[in-house]
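**Student:** Chains as they are written, first to last, in full-length UniProt numbering: chain A, 1 to 558; chain B, 1 to 202; chain C, 1 to 216.
One should not assume that every hint holds.
Claimed, not checked - In silico DSSO-like pairs for lysine-lysine, Cα to Cα no more than 27 Å straight-line:
#1 C:179 <-> B:168
#2 A:436 <-> A:421
#3 A:200 <-> B:40
Read the hints as simulated data drawn from the structure, not as lab findings. All values derive from a computational prediction rather than experimental measurement.
Each chain, letter by letter, is given below.
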Amino acid sequence: MEEVDKILILTLNHLGCDIDEKVKSVGGFGIEEVVSGVVRCIRTINSDCELPTSLPQNMAQRFRVAASIAQAVKDVGYPGDVGYQSLLYPNETDLRKIFMFLIEKLPKDTAAVSDEPLNKAALIHQEARRKLCASLTQSWIPAHCRHVARSYATRASVTNHGTYHTRQFMSKPYSSVESPSKVSPGLRTYYENYSRRITKMVGYEYLIATLLNSHAIQLQRDQILPKNTEEEGKSEAHTLEPLVTEDVQLNPLDVPLSGWSPLSSFETAQHMIDIKESEREVNLGTDVSAPEAGVTTEEQIRLKREEQLSRLQTEIGNVTNKTEECTQGIQDAVDALAKLTDDLIKEERLKEETVTELKMKQRTSSLLPESAANIQRLQGALKNSEEKMVRLQQQWQAHKKPLEEQLSQLTLEASNKKVNKEEILAEMSELRDKMKAMVQDASRKETALAQLKGQVEKMNKDINRSVYTKRIIDISAKEAANNERVRQVYRAVAAVHEGCGELVDIVRDTGTVQREIADLREQVDLEKSKKVEENLTQLKTDLNQVKKENASLKQQLL
Amino acid sequence: MLSTPRQLLMDLSLKISSALRLLGDNSKTEYATYQEVLRKVSEDLKKDCKSSTLIPEINVRDGGVVTHCHAALATLFIESVRGGHNASVVTSALEDLNWPADRLTETVQELESNRQLIQSRLASLGTYPPHIVDVDWKLNYRVRSSAGEEGGGAMYLVTLHTQEMEGKRGKVTFSCSLAELTHLVTRLRQATRCIQKYANNS
Amino acid sequence: MPLTISEDHRHQLSLLITQETQVVKEFCRLATQFLKQGVNPRIFGSAANKLGVQPLQVEDAIRALVFLLSHCTQAAASKMEFQDITTSLGFTKDAVKVLTDAYTDNETDIKEYLKTMGVQTPHYRNLEWRFDILVGSRTLTHIAEPLVTLQLSLDENTARSFQAGESGTGIEERSECVKLLLQTDPNNLVHMTNVLEEALHEARTHHSRRIHRHLK
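For reference, chain A alone in the conformation it holds in the complex (with noise of 0.2 Å):
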């Protein structure tokens, strides 16, 4: 029972309870470990249990949970008698008896799962099996209901709900407005007084997945072009700059044009030239055909073909030249628009850097009328970042303090379960040891069991004793017929018979009797291990409790 005790104790232990270490066996259990052992292996069993852990102080209330308790018990299925008293008046045999089933019922491996902590692939596991196992015990609906069903639920999930409702990611094009304070006084009056909410610019349905997206894009964007980058990495920004295609501010607006205009008229005027020459030479070519339109041969019209062909052809090659042109001084352009862009850049990073350094000089010089305030001001600053500095270390050992201590208890625990483990070896092996010794013996007995068989077929052959002792009585009794002292012997030797035969009687009652008592005492053992006087003054102090409470409740009636 020792054993069987130390187990239970430990295991109980291990699900949270508090046992004393003086207590060894399940009969030095009081109510509150009764309750809150059978409380937490429940617990434990069905995680739906709500009961509490310890009785509340009141009779009458502390009758109604206990009883809920072993309504529990029974409910898991527990095949013997469990009621209230079983909780409040223990006795050690019966509570030993629910213990033992309980912790068999415990889950497998509980103390596994709750002594190491959980690992990431280890919790998705458990989750994912919380869900499945939600998902399979729910009867199946159909799948409009289903839908109806997800407008109530407060968690959206595929795998209860379907993907009826679900939305593709689309967001819509949003770059977020600038502060304030940082853009330049036009547009600054324009967001004060037009700028709208991203939620008015792209609708409920896209609010989500636009903040996200642009939100990823700032993210990546911080990554390419840290702000504060050293000179050196401003080559790498300008190269990688037209990556970023959103809010890089290179308005073509703003880049002077100066390269174009002169070009672009040149080529009109010119252009135009060519028009009024073609025009002119049509006209001219009407005027010359009508006087002559009788005489005209079609020499003459071959050789005014081909020299308008050669004429065209020269034109051809002329325009030829200037599309070249032009496209050089586009070249040309564009390359000087990169140059000019390139130092306009520059010059607003040196701007910025002048403007900071500014800015950082006017502080500094603002600081100096009041130097002592200011100082007294900075010196608070500091005092609160050290503040919050020995904050966060408390917070710190708040929260190394508990883990420490699971650490120790986990390593005390292990230890123990080590020597537990080594007790049971060596136990093992001494149990080994004498089942060898009884293999032997038994075999010994065996063979011993053998020879006494052979023994005893022999003497069935032989001839019964009973018949020789009673082919002696008659002998005797032929005999006595005869003889008087020799009748008087066999008087004397019946006599000396039947008084042995009463002897033996004697004996056997004897012995019968004391088997009796000892029986009794047993089970007055037994009824006394029952604690049943104790249990009875208990229950009649209880009574008396519940009795006074009554009274007290119908005065406060009354």
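For chain A, the structure is supplied; the task is to place chains B and C on it using the hints.
**Tutor:** The following block gives chains B and C in isolation, referenced to the frame of chain A:
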């Protein structure tokens, strides 16, 4: 949603950070403006896109600061739910941005009260293959056809009803013989057993 | 079903009536080949050359022969009935024998061919499944959603189509295997399994068996 937070830091872009810094700054943003931003963010995230009949607002113009910070705060809410950052992570992120205690507590409370809803909305964004929601079957005997085919035996006509995104419905119909249906059911039973085993193997 | 051969077909077959039995046999071979995998148009040309007719006439004759064979199979004409028809068309006794042999020898092939001409529904071929746990998405990390992904393979037998024109006259069989990617949740998977198990059970009911016996 898994319960334990694993990421202890929030990643916020410089733009969002600076906007949030502005929103939390007592000296630059008045309390009333801050409250308006918080209220609008919470409203906008709560609104169901389908039932949203745009209610015309009296004050359509929000002002630069409001629009600027609104997007940033909404991003903070969405990102913290997306990444599974709990209240303490968000609190420390806002602390780093020098938020005063009163605004911080209020904002975190508002976030926590809307967390489940935002999570539901985030969960319903995404692309999935057609989702089978029901199945129909018919057992036919092919008697005779225009092609002169005779006694084709028992044929099942199975229809899988599916649902897709944005409330689209679909179905897949196919025929199969008794042997093929047995094959199909065997496969499905395998899958069912697999998931049941997984569920019970805790 | 009364067996009737239209005037057009009669006319087209008349080319064969005057030919040798050997030629009729060759045409029967071509017709069955036509059913199975189509015939190279050049063969029409060479055959036409040998017989001294137009290639189109040869092609028409083969088509008419295919029609005759398939039409009789469709109507489930017996050997005797087929003999009667061919005789009525004016074939010689030997030619009738050759034709009847072709009819009976290729009965299963013709039936198979006819089957593909009928009403077509996509046909089950295979189902593969995979148990997934969705652990994160662009919009939500830290989730664990158990889902079942299914790949349903269906045969979409788009019959056989006649390809007319110079590119090749013949029949082409197009049996396409369509793979559908589907998904379901555990609850619906169980439901689906149960419903289809019920369907299987239906085939074993008394009612179904009686019908099956009756229609066999």
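**Student:** Does the alpha-carbon distance linking residue 200 (chain A) and residue 40 (chain B) stay inside the 27 Å limit?
**Tutor:** The given pair, whose Cα atoms are some 11 Å apart, holds under the 27 Å limit.
**Student:** Next pair to validate is residue 179 (chain C) with residue 168 (chain B); report whether the Cα-Cα distance is within 27 Å.
**Tutor:** Holds, at about 20 Å.
**Student:** For residue 436 (chain A) and residue 421 (chain A), compute the direct alpha-carbon distance and say whether it is at most 27 Å.
**Tutor:** holds, 22 Å
Consistency note: the structure conflicts with none of the earlier hints.
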